[in-house]
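Now for the letters of each chain:
Protein chains: 4
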Amino acid sequence: MASKSFYAVVAGVGAGTGRSVALRFARSYPVVLLARKPESYSGIVSEIKQQGGQAFGISTDTSDPQSVASAFEAIKKELPDKKLAAAIFNVGPGFAVKPFLELTASDLDTSLSGNARGLFNFAQSTLPSLLDAVPTSPNPPSLIITGATASVRGSARFATFAAGKFAVRALSQSLAREFGPKGVHVAHVIVDGVIDIPRTKGWTVNEGVEDGKISADAIAESYWHLHTQHRSSFTHELDLRPYVEKF
Amino acid sequence: MASKSFYAVVAGVGAGTGRSVALRFARSYPVVLLARKPESYSGIVSEIKQQGGQAFGISTDTSDPQSVASAFEAIKKELPDKKLAAAIFNVGPGFAVKPFLELTASDLDTSLSGNARGLFNFAQSTLPSLLDAVPTSPNPPSLIITGATASVRGSARFATFAAGKFAVRALSQSLAREFGPKGVHVAHVIVDGVIDIPRTKGWTVNEGVEDGKISADAIAESYWHLHTQHRSSFTHELDLRPYVEKF
Amino acid sequence: MASKSFYAVVAGVGAGTGRSVALRFARSYPVVLLARKPESYSGIVSEIKQQGGQAFGISTDTSDPQSVASAFEAIKKELPDKKLAAAIFNVGPGFAVKPFLELTASDLDTSLSGNARGLFNFAQSTLPSLLDAVPTSPNPPSLIITGATASVRGSARFATFAAGKFAVRALSQSLAREFGPKGVHVAHVIVDGVIDIPRTKGWTVNEGVEDGKISADAIAESYWHLHTQHRSSFTHELDLRPYVEKF
Amino acid sequence: MASKSFYAVVAGVGAGTGRSVALRFARSYPVVLLARKPESYSGIVSEIKQQGGQAFGISTDTSDPQSVASAFEAIKKELPDKKLAAAIFNVGPGFAVKPFLELTASDLDTSLSGNARGLFNFAQSTLPSLLDAVPTSPNPPSLIITGATASVRGSARFATFAAGKFAVRALSQSLAREFGPKGVHVAHVIVDGVIDIPRTKGWTVNEGVEDGKISADAIAESYWHLHTQHRSSFTHELDLRPYVEKF
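Residue numbers (UniProt numbering), protein chains in the order written: chain A, 1 to 247; chain B, 1 to 247; chain C, 1 to 247; chain D, 1 to 247.
It is possible that part of the hints are untrue.
Unchecked claim - Here are the simulated DSS-like pairs of lysine-lysine, each with C-alpha atoms no more than 30 angstroms apart in a straight line:
#	chain 1	residue 1	chain 2	residue 2
1	C	K246	A	K98
2	A	K246	C	K246
3	B	K82	B	K49
4	C	K98	A	K246
5	C	K182	C	K201
6	C	K37	C	K4
7	B	K182	C	K246
8	D	K4	D	K49
9	A	K182	B	K246
10	B	K98	A	K246
11	C	K82	C	K49
12	C	K82	C	K37
13	B	K98	C	K76
14	C	K98	B	K83
15	D	K182	C	K246
16	A	K98	D	K4
17	C	K76	C	K49
18	B	K77	B	K182
19	C	K37	C	K77
20	B	K246	C	K182
21	D	K98	B	K246
22	C	K246	D	K83
23	B	K246	A	K83
24	A	K182	D	K98
25	D	K83	A	K98
26	B	K37	B	K98
27	D	K37	D	K4
28	A	K98	D	K182
29	C	K83	D	K246
30	D	K182	D	K82
31	C	K98	B	K76
32	C	K201	D	K182
33	A	K83	D	K98
34	C	K83	B	K98
35	A	K246	B	K201
36	A	K182	B	K83
37	D	K246	C	K182
38	B	K246	D	K246
39	C	K182	B	K98
40	D	K76	D	K37
Read the hints as simulated data drawn from the structure, not as lab findings.
So that you can see chain A by itself, here it is in the shape it has in the complex:
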């Protein structure tokens, strides 16, 4: 059932989770796609339209508060009568995997900025809208955040990456505890495995067994489930991993 009065926004779209989540939510809502470059979202916009959905993209750098503010002003102009039912933060800045003494201050900044600052900006722009949608939204307005193994484990050689991901999880928990009682569902999803996307096609993971990489569409189904959970029964953190993954 597509809603005429609500929309969804997905920050961080490309070939994997972001695309699948956008397509999944587009079955019910017009979807706004945020990515740094048009080439990251334009193909997905076309796919959604081909399937009868409504979508557009805005070039946005979520680590920059001005860029995020501009994006949401543009959304307001484009969708003046719609309220925000779901906001997905799926931004994954590139990261360095190196011995600690080879990491630089810039590696740390990239991680903190792309992850923590990105979510901070995105949450500050979306939470007022999500709160506004609480009384009327068909599903509890949701802020869903993509995490990784590094969100809960600081592995050797992943120091700066884990720093950014842990910080995102901290923000997510704090937001869940502050905005949950106001009716907004904030959920953090730990994607614990390699996602099956064009970039990882050649990688051998889990001994190469079938379904040893995570289907991005499967992730999207779980995001949709989170969004549709009744408010008496919220999940605040979810792990997703292949059946063959060691954990």
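Position chains B, C and D against the provided structure of chain A, taking the given hints into account.
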């Protein structure tokens, strides 16, 4: 899409989670209900039949290996051609909340027996059948286990209850790690709040706000989601709590 | 500074942690050793006496409430004027490591009984004495419990062992929360590695590097540190593992 | 036993943990104190000298890589023949406790910078020296990091503070896993309560009971214990809280 070739079994049905899970899974499978006494399952069997589903109950004490073995022999006779797609362990033995020095060896035994021994027996009887269903089941064959706040937190005055619930979680983790790679989805669900059932109607929780108690039907939706997750993207533990719950 | 008015009791002594803890605490207190068989404690009693300490052993099966009660009656006769400053539960029943479907009800019972029931009995007998020592003990009266990796992780093939260890941790947490505010320090120690004892001499762990197995004396130092922590700064759970251990 | 060949450095000294740790480690090592302003360390330097220890301070902003690099050059000149046995990161930048929508980008930056960037800089400057001390140090060279409740829990209204503290914990874990096998003991300490210092004198915590605030000297004893743990038995994370603290 109701499956003609598969069935589900729910151990521990009554007025809450068990009933809702049985009704939910009955939309796709014939469901077998296990409870100690017929009065716990007979009404649910009727409800399922009224809704066009197929169900029957067997009086079973899951803490007794003989009783469990008999139940599964009876199921085999009743459903000779069906494979097991989903097994839900939702047994919640009564428990004592008392200062530690007032707890007795019998309080501890009740908890260990009803929880840990119950799941042990149930898992030993269901896992061979779940494994057998892997190649053909429309969804990954699933063993889903109900936990509680006490599964992850030993609170003061809950010593024996927590002992049983922690033990169940240990078994669940071990089974998830052993049987996941074989295609069976084992998931443990932490129900962190009071469920809205007749017995809790008079209780004031979360200051009595609307939806401050967990809807059993909402829990059932999440169990169904776990069951339908693609095997490349399993969740092994799930928290469920009201939007207003402190955590 | 050896205390004349207080004593310590160690349940579960043999060649490893129990022995080292007994020797360490014997530098300050008379120590009572509990083990099923005299051959497990008699050598340690001699060692303690040779070093000028005071010690005796009592053959006790901690999984049997009667046996534990008898032991503490015997202690009362032997040390009529002493209060209990420290109780260490270090019981480690033998355990099965097997595929789940090869484990038996008896494997589960051995683990639940030796671990959970053992601690339950020991705690019921020692906590009244520990409470009694609060006003006068030179260090906060302490109940220290030995755990293992399986206390926090249910690995494949360790289902029943983990069930018992998780249950022990549940009891420990509950006791810490109930008795901490009354001045008794309850701490759970996760020994995450192989201990360097005669039985493990031939085992190659951590590629055989020096100090790749845990020194039991080092564990004992940490137990002593826990015992001597100021009550404004208690640690309730402690991990111990070799510098080269993967975690 | 004071070592002539090794020294310790404590970053973040003032009236609480930093001072007590400096005094404790000064019983065995010359100690270098880092703080932004001389008034934070000069009194402690005097105290240490009065007790027969050796100490000096350097005005340092740990969030600034240049400032940290200068400090360690100054140390090298001052203590040319000494190796680094222990480095303690105890920096606690001021933090905002506010509803999320009132927090600013600057609140987030303060937390990320003072916490994560501070530890990053400090670790990059100290780890080479700690590694250098491995073969000869009387105790395993140690990097000990002070955390808080907010290191493991993102509470409502603590979003930015928790982001910084989670990031520090991520770095700590990663360093522990990379440098542990090389002989350096990296440990993260979660101080879960209010410390008893002049600034908190007027605060009523834990209903004002005696020892309801954490003694900074008690914290220092646990840091010293961490430093002296045998390398076969390292603790990588430690909680410290008053006996009456809810947890």
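Comparing the hints with the structure gives:
1. C/K246 - A/K98: holds (18 angstroms)
2. A/K246 - C/K246: holds (14 angstroms)
3. B/K82 - B/K49: The hint holds at about 19 angstroms.
4. C/K98 - A/K246: holds (18 angstroms)
5. C/K182 - C/K201: The given pair, whose Cα atoms are some 42 angstroms apart, is violated under the 30 angstroms limit.
6. C/K37 - C/K4: holds (28 angstroms)
7. B/K182 - C/K246: holds (26 angstroms)
8. D/K4 - D/K49: Given that 30 angstroms is the threshold and the Cα spacing comes to 16 angstroms, the pair holds.
9. A/K182 - B/K246: Distance of about 13 angstroms is within 30 angstroms: holds.
10. B/K98 - A/K246: violated (39 angstroms)
11. C/K82 - C/K49: Answer holds: C/K82 to C/K49 is near 19 angstroms, not above 30 angstroms.
12. C/K82 - C/K37: holds (25 angstroms)
13. B/K98 - C/K76: holds (27 angstroms)
14. C/K98 - B/K83: holds (26 angstroms)
15. D/K182 - C/K246: holds (13 angstroms)
16. A/K98 - D/K4: violated (35 angstroms)
17. C/K76 - C/K49: holds (20 angstroms)
18. B/K77 - B/K182: Roughly 27 angstroms separates the two Cα atoms, so the pair holds.
19. C/K37 - C/K77: The given pair, whose Cα atoms are some 21 angstroms apart, holds under the 30 angstroms limit.
20. B/K246 - C/K182: Roughly 26 angstroms between the alpha carbons, so the hint for B/K246 and C/K182 holds.
21. D/K98 - B/K246: holds (18 angstroms)
22. C/K246 - D/K83: holds (28 angstroms)
23. B/K246 - A/K83: This hinted pair holds, its Cα atoms lying about 28 angstroms apart.
24. A/K182 - D/K98: holds (16 angstroms)
25. D/K83 - A/K98: With Cα atoms ~26 angstroms apart, D/K83 and A/K98 stay inside 30 angstroms; holds.
26. B/K37 - B/K98: holds (27 angstroms)
27. D/K37 - D/K4: holds (28 angstroms)
28. A/K98 - D/K182: Holds - the C-alpha atoms of D/K182 and A/K98 are around 16 angstroms apart, at most 30 angstroms.
29. C/K83 - D/K246: holds (28 angstroms)
30. D/K182 - D/K82: Between D/K182 and D/K82 the Cα gap is close to 20 angstroms, so the pair holds against 30 angstroms.
31. C/K98 - B/K76: Between C/K98 and B/K76 the Cα gap is close to 27 angstroms, so the pair holds against 30 angstroms.
32. C/K201 - D/K182: holds (23 angstroms)
33. A/K83 - D/K98: Holds. A/K83 to D/K98 sits at ~26 angstroms (cutoff 30 angstroms).
34. C/K83 - B/K98: holds (26 angstroms)
35. A/K246 - B/K201: violated (43 angstroms)
36. A/K182 - B/K83: violated (44 angstroms)
37. D/K246 - C/K182: holds (13 angstroms)
38. B/K246 - D/K246: holds (14 angstroms)
39. C/K182 - B/K98: holds (16 angstroms)
40. D/K76 - D/K37: Distance of about 21 angstroms is within 30 angstroms: holds.
The structure shown violates the earlier hints numbered 5, 10, 16, 35, 36.
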